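S.K.: Take a look at the letters that make up each chain.
Protein chains: 2
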Amino acid sequence: METVSFDKVALGEGFWADVIDKNAEISLPNVYRCFEETGRFRAVRCEKQETPPHIFYDSDVAKWLEAAAYMQKRRYSAEIAAIVADTVDAICASQRPEGYFNSFYQVYAPERIFKERTEHELYCAGHLIEAAVALASCGQGEKLLAAMKRYADYICERFYEKRDAGFTTCGHPEIELALVRLYEYTKQEKYLSLAKFFLDERGQREEEIYPWADRKYDQSHLPVREQNEAVGHAVRALYLYIAMADVGRIEGDGALLSAARALFADIVGKKMYLTGGTGSSYLGERFTVAYHLPNEYSYTETCSAIALALFCDRLAKAENRAVYHEIFERVLYNNILAGESENGKGFFYTNPLESHACMTEYVRGLKEKPYQPIIERVEVFECSCCPPNLVRFFGELGNYIYGTEKGVLYVNQYISSSVCAEGLRAEVQTEMPYRGTVRVRAEGKGTLALRIPAWQVSIACKVNGGFVKPREKDGYLYFDVDGETLVEAEFEMKPRFVYANENVWENSGRKAVEYGPFVLCAESCDNGKNLRNLEIPSLEGALVETVGGLKVTVAAKRLTTGAALYSYEPPERENVTLRLIPYYAWANRGENDMQVWFL
Amino acid sequence: METVSFDKVALGEGFWADVIDKNAEISLPNVYRCFEETGRFRAVRCEKQETPPHIFYDSDVAKWLEAAAYMQKRRYSAEIAAIVADTVDAICASQRPEGYFNSFYQVYAPERIFKERTEHELYCAGHLIEAAVALASCGQGEKLLAAMKRYADYICERFYEKRDAGFTTCGHPEIELALVRLYEYTKQEKYLSLAKFFLDERGQREEEIYPWADRKYDQSHLPVREQNEAVGHAVRALYLYIAMADVGRIEGDGALLSAARALFADIVGKKMYLTGGTGSSYLGERFTVAYHLPNEYSYTETCSAIALALFCDRLAKAENRAVYHEIFERVLYNNILAGESENGKGFFYTNPLESHACMTEYVRGLKEKPYQPIIERVEVFECSCCPPNLVRFFGELGNYIYGTEKGVLYVNQYISSSVCAEGLRAEVQTEMPYRGTVRVRAEGKGTLALRIPAWQVSIACKVNGGFVKPREKDGYLYFDVDGETLVEAEFEMKPRFVYANENVWENSGRKAVEYGPFVLCAESCDNGKNLRNLEIPSLEGALVETVGGLKVTVAAKRLTTGAALYSYEPPERENVTLRLIPYYAWANRGENDMQVWFL
Numbered sequence: 001m002e003t004v005s006f007d008k009v010a011l012g013e014g015f016w017a018d019v020i021d022k023n024a025e026i027s028l029p030n031v032y033r034c035f036e037e038t039g040r041f042r043a044v045r046c047e048k049q050e051t052p053p054h055i056f057y058d059s060d061v062a063k064w065l066e067a068a069a070y071m072q073k074r075r076y077s078a079e080i081a082a083i084v085a086d087t088v089d090a091i092c093a094s095q096r097p098e099g100y101f102n103s104f105y106q107v108y109a110p111e112r113i114f115k116e117r118t119e120h121e122l123y124c125a126g127h128l129i130e131a132a133v134a135l136a137s138c139g140q141g142e143k144l145l146a147a148m149k150r151y152a153d154y155i156c157e158r159f160y161e162k163r164d165a166g167f168t169t170c171g172h173p174e175i176e177l178a179l180v181r182l183y184e185y186t187k188q189e190k191y192l193s194l195a196k197f198f199l200d201e202r203g204q205r206e207e208e209i210y211p212w213a214d215r216k217y218d219q220s221h222l223p224v225r226e227q228n229e230a231v232g233h234a235v236r237a238l239y240l241y242i243a244m245a246d247v248g249r250i251e252g253d254g255a256l257l258s259a260a261r262a263l264f265a266d267i268v269g270k271k272m273y274l275t276g277g278t279g280s281s282y283l284g285e286r287f288t289v290a291y292h293l294p295n296e297y298s299y300t301e302t303c304s305a306i307a308l309a310l311f312c313d314r315l316a317k318a319e320n321r322a323v324y325h326e327i328f329e330r331v332l333y334n335n336i337l338a339g340e341s342e343n344g345k346g347f348f349y350t351n352p353l354e355s356h357a358c359m360t361e362y363v364r365g366l367k368e369k370p371y372q373p374i375i376e377r378v379e380v381f382e383c384s385c386c387p388p389n390l391v392r393f394f395g396e397l398g399n400y401i402y403g404t405e406k407g408v409l410y411v412n413q414y415i416s417s418s419v420c421a422e423g424l425r426a427e428v429q430t431e432m433p434y435r436g437t438v439r440v441r442a443e444g445k446g447t448l449a450l451r452i453p454a455w456q457v458s459i460a461c462k463v464n465g466g467f468v469k470p471r472e473k474d475g476y477l478y479f480d481v482d483g484e485t486l487v488e489a490e491f492e493m494k495p496r497f498v499y500a501n502e503n504v505w506e507n508s509g510r511k512a513v514e515y516g517p518f519v520l521c522a523e524s525c526d527n528g529k530n531l532r533n534l535e536i537p538s539l540e541g542a543l544v545e546t547v548g549g550l551k552v553t554v555a556a557k558r559l560t561t562g563a564a565l566y567s568y569e570p571p572e573r574e575n576v577t578l579r580l581i582p583y584y585a586w587a588n589r590g591e592n593d594m595q596v597w598f599l
Numbered sequence: 001m002e003t004v005s006f007d008k009v010a011l012g013e014g015f016w017a018d019v020i021d022k023n024a025e026i027s028l029p030n031v032y033r034c035f036e037e038t039g040r041f042r043a044v045r046c047e048k049q050e051t052p053p054h055i056f057y058d059s060d061v062a063k064w065l066e067a068a069a070y071m072q073k074r075r076y077s078a079e080i081a082a083i084v085a086d087t088v089d090a091i092c093a094s095q096r097p098e099g100y101f102n103s104f105y106q107v108y109a110p111e112r113i114f115k116e117r118t119e120h121e122l123y124c125a126g127h128l129i130e131a132a133v134a135l136a137s138c139g140q141g142e143k144l145l146a147a148m149k150r151y152a153d154y155i156c157e158r159f160y161e162k163r164d165a166g167f168t169t170c171g172h173p174e175i176e177l178a179l180v181r182l183y184e185y186t187k188q189e190k191y192l193s194l195a196k197f198f199l200d201e202r203g204q205r206e207e208e209i210y211p212w213a214d215r216k217y218d219q220s221h222l223p224v225r226e227q228n229e230a231v232g233h234a235v236r237a238l239y240l241y242i243a244m245a246d247v248g249r250i251e252g253d254g255a256l257l258s259a260a261r262a263l264f265a266d267i268v269g270k271k272m273y274l275t276g277g278t279g280s281s282y283l284g285e286r287f288t289v290a291y292h293l294p295n296e297y298s299y300t301e302t303c304s305a306i307a308l309a310l311f312c313d314r315l316a317k318a319e320n321r322a323v324y325h326e327i328f329e330r331v332l333y334n335n336i337l338a339g340e341s342e343n344g345k346g347f348f349y350t351n352p353l354e355s356h357a358c359m360t361e362y363v364r365g366l367k368e369k370p371y372q373p374i375i376e377r378v379e380v381f382e383c384s385c386c387p388p389n390l391v392r393f394f395g396e397l398g399n400y401i402y403g404t405e406k407g408v409l410y411v412n413q414y415i416s417s418s419v420c421a422e423g424l425r426a427e428v429q430t431e432m433p434y435r436g437t438v439r440v441r442a443e444g445k446g447t448l449a450l451r452i453p454a455w456q457v458s459i460a461c462k463v464n465g466g467f468v469k470p471r472e473k474d475g476y477l478y479f480d481v482d483g484e485t486l487v488e489a490e491f492e493m494k495p496r497f498v499y500a501n502e503n504v505w506e507n508s509g510r511k512a513v514e515y516g517p518f519v520l521c522a523e524s525c526d527n528g529k530n531l532r533n534l535e536i537p538s539l540e541g542a543l544v545e546t547v548g549g550l551k552v553t554v555a556a557k558r559l560t561t562g563a564a565l566y567s568y569e570p571p572e573r574e575n576v577t578l579r580l581i582p583y584y585a586w587a588n589r590g591e592n593d594m595q596v597w598f599l
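Protein sequence lines correspond, in order, to chains R and C. Residue numbering for the first sequence follows the numbering used here, beginning at 1 and increasing consecutively. Residue numbering for the second sequence follows the numbering used here, beginning at 1 and increasing consecutively.
In isolation and in its complexed conformation, chain R is listed as follows (with noise of 0.2 Å):
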């Protein structure tokens, strides 16, 4: 399958319009501001300065800097456009003569430059690349992309034809996916092959890693086609997934494939959250064991969300199957749009399914703090990764919503929106996450094909007009059009329990509430305390509101019990209205108790 780039497609009005605009007019800025106040734009100038910058400051500017290219093609900004330009100026006339560029090591540690497997160096590298490219192909200027073709072509020059680098892959991922991008604008076999090198080499040899790391931490336990259970820290893992399906689907590799495919089945039959989050682990911010997902403290950091998102995406255009979207969509509803407050200013870096309040405060008053996630959103964090990757990732997320192959034009996210492809002009209209109202008008001769929600209760399809009764496979529905036709199809949506796998030790006699694409959550505020003791009989007679945000109203049962610590007394069942509201929109209101999965 082909993806259709998100420059072919134009967003009507509605909840991503909304989403999407205010990343342009808030989020994009006031990341700006938080990390030229912190220096990080200051770091890419490559001045010395006093404290030294952090060792990736130089991928949170070229996150930023993607961000601002996909943004300014959605709402032009000279003043972003100024910053932009300023910005690669100064990266460009910082670059070594031979290419290289990074502002820690080329500042502070030049005799170090290529020597420290554990640093980031080509991970920094590897984003840069990206916002090259998509300065490139958002039309924002050549400058970057010329520059750091010097850069690729450097890195290819120490560590794959010289060989004279202190390591051979980077203890980060992210090198790999961004030569394949690289590779994809430029057409430039060499950095095709270099993603390759890298992924080939990973796991062969035991290389550097942190004092404290096992191998498993970075992946490199392995040759790469030899993994096929998720391991170590997420984000990496998820980053060197992208790369293994992207080189092998573009080099037709059948055992890279495989094992990207097995990877992906382990995370999603066994180590994600309902909320598509991974990492069950704080400490190394890692994957754990097969159902080990504890909700209160899981880790299920946002760029590990996006990087899940973006490895759907990389498995769909190898291999187009329904549940890449599926799980796409669940990331996406739940623990991407999350990571963000509500005014678009404060991001979470950790999304935890279970917030006791009382903890945070009693973790407030130690010295010595054990891990507990925050459960207000920040405006930057010293380690602030997962701000500019969200704000890049809605710029961007008009990619992920059609995709074409063999004379079809998939429809695979419901988002309002236009586009023309595969000999169809199609503008699909819809009322969703809402209500799973999808009308598509069509225009020219061709197959169109609308992804079956898994969350519908039921479907009702017709064409201009009449009622029909669609070929379904897959997970897909057929249309034919031929000329102006109106297709329209009615995913009912409806409050449904969800259940965990019986493994899953955490959520035992539980159960969550999802509503179409979203997971549902209960907040303090809204339900009082004890939102672990709210139990919820049936959803018959469930109460939906959209206007104003997603509520749902339901009758459940409060257990409560005398005041007794422990007694031989069952505990009573107090009738009490339930208020749930998205996953994503929680902690909005102050510090909450927040729960998911209830009796």
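Think of the hints as simulated: they come from the structure by calculation, not from any bench. Quick caveat: nothing in here was measured; it's all calculated off a predicted structure. Among these hints, one or two may not hold up.
What the hints assert, rightly or not - One side only, chain C facing chain R, incomplete, derived with CB under 10 Å:
(1) 111
(2) 281
(3) 363
(4) 365
(5) 366
(6) 371
(7) 482
(8) 560
No residue lacks a Cβ here, since even glycine has one placed at the ideal position from N, Cα and C.
Following the hints, complete the assembly by docking chain C onto the known chain R.
M.R.: Just chain C now, kept in the frame of chain R:
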């Protein structure tokens, strides 16, 4: 109430006689062997070693001496006697002329004597004093007592009279309760005054604390009489509270007693595990907030369980309320007993209420390890406070069976034994903890009071063979004894569900099973994996077996699902037979999943 000293109590056959004999025959010599091998006994000889000993090795040896003192009364061993004599000689030979003894400070850091509040110096002194009192009161010589009185005098001189020590109160309470014991044995007021002084001074000013610790950590955040919430390191807290109850009782200090009662109420009403364990957080081994009782990562140290039992005992001495004995019973039969392996050689430091062996396996593969409780007992720890604490506690268990007050002989714990006190001679025979049958042959004139166990589901009493309905008051049944009297009580024991307070979020929607004083648990070696998925609809028809240890078999359901990680299909309920054993008996058959709280 006065408790009847264990040397006036002759244990009969049964459950506890077996535990205590194992304690004498196996645990005591085995802990000695481990401590000898790990240099603890070498340390107290005060010869400089290449690797300095641990700063509180003295307390390990002291607790072992105390244990030996008790066990020699039960089962004399010439070999143990020789070790005791030799160790006492070594300590006395090394004691400094002014009375000071600390094997770490005097050998390795004499310039820092009495200057480091955090480093357990007076804590070690306290345990040595306890050992000295134990040896003397068990008729095993007053040599150590004489030495420790000199040490206590020296502490008094430096801390109280001259006040020229480098700190005022010790960072780890223990000296306070030890001084009370010394006072009660010697009747020398100065020791009581010194204990009171240390209590009075605590929390009156900012004192030295670990750089990473807050003042709540060692309960120096408030004057003790103002403390009403259990906070900080659980063992430190409970040792302090014991001394508060002691001094409050002896001095008639209402404010002190009232604080001790408030702290007890806070613990047993909000911060105690069903097993009697305390300490919800491994970080700081500490109390956290009300109702935060995580099962899998509880701390619930064996020492804090013992300390809670002792705190119950001291409160009961001040004011005999059945609740203190009830909690004593809970902690005794559950967390305390769990501290030791079936073979008497292995010990648990922490006692979780839920185990997932896959997590132990996962953590084993990591270099940087998150906290993961061990799930098999070991013979010795680097910080091996619990093993000798348990051995000494079992050694003096006879102290906690009987109490006397105003002509009444109280039977507080049901352990087959005989006693002479308060004008009565009583022989108690019981099938507890397996059946609630109690038979007391009493002689003399007076009143016998039997504590009504909280777990009984019915009571039937006989006097001299005839059914009676005895006077019942405040948790006791009262029987007049005049001449030879046979009092029989049948406290019916049945498996019962027990529920946690609605605020205990970890256990919402779950229930545990108790049988008599035992909390029961399931292990995966009996029940397969996925113990969290087990539902017990009813205890009707539960089969109780007591031969070779308690086993309760009950019809249950296992929630099963398809293979998908998430599904709209609710789990099915498969009939299974659930095999429960007492919580304390878990982890004797290899690494196992274990569960206390069921659906």
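S.K.: Each hint needs a verdict: does it hold in this structure or not?
M.R.: Against the structure, the hints:
1. The criterion of a C-beta within 10 Å of any C-beta in chain R is not met by residue 111 (chain C), whose closest approach is roughly 28 Å, and the hint is violated.
2. Hint status for residue 281 (chain C): holds, given a least beta-carbon distance of 6 Å to chain R, under 10 Å.
3. Of the supplied interface hints, the one on residue 363 (chain C) holds, with its beta-carbon coming within about 9 Å of a beta-carbon of chain R, less than 10 Å.
4. Restraint check, residue 365 (chain C) versus chain R: the minimum CB separation of about 7 Å is within 10 Å; hint holds.
5. Below 10 Å, beta-carbon pairs count as interface contacts, and residue 366 (chain C) has one with chain R at about 6 Å; its hint therefore holds.
6. Using the Cβ-Cβ criterion of 10 Å, the hint placing residue 371 (chain C) at the interface with chain R is satisfied: the shortest such distance is roughly 9 Å.
7. Because the smallest distance between the Cβ of residue 482 (chain C) and any Cβ of chain R comes to about 37 Å, over 10 Å, the interface hint for this residue is violated.
8. For residue 560 (chain C), the suggested interface contact is upheld, since its CB lies about 5 Å from the closest CB of chain R, less than 10 Å.
Of the hints listed earlier, those the structure fails to meet are numbers 1, 7, in rising order.
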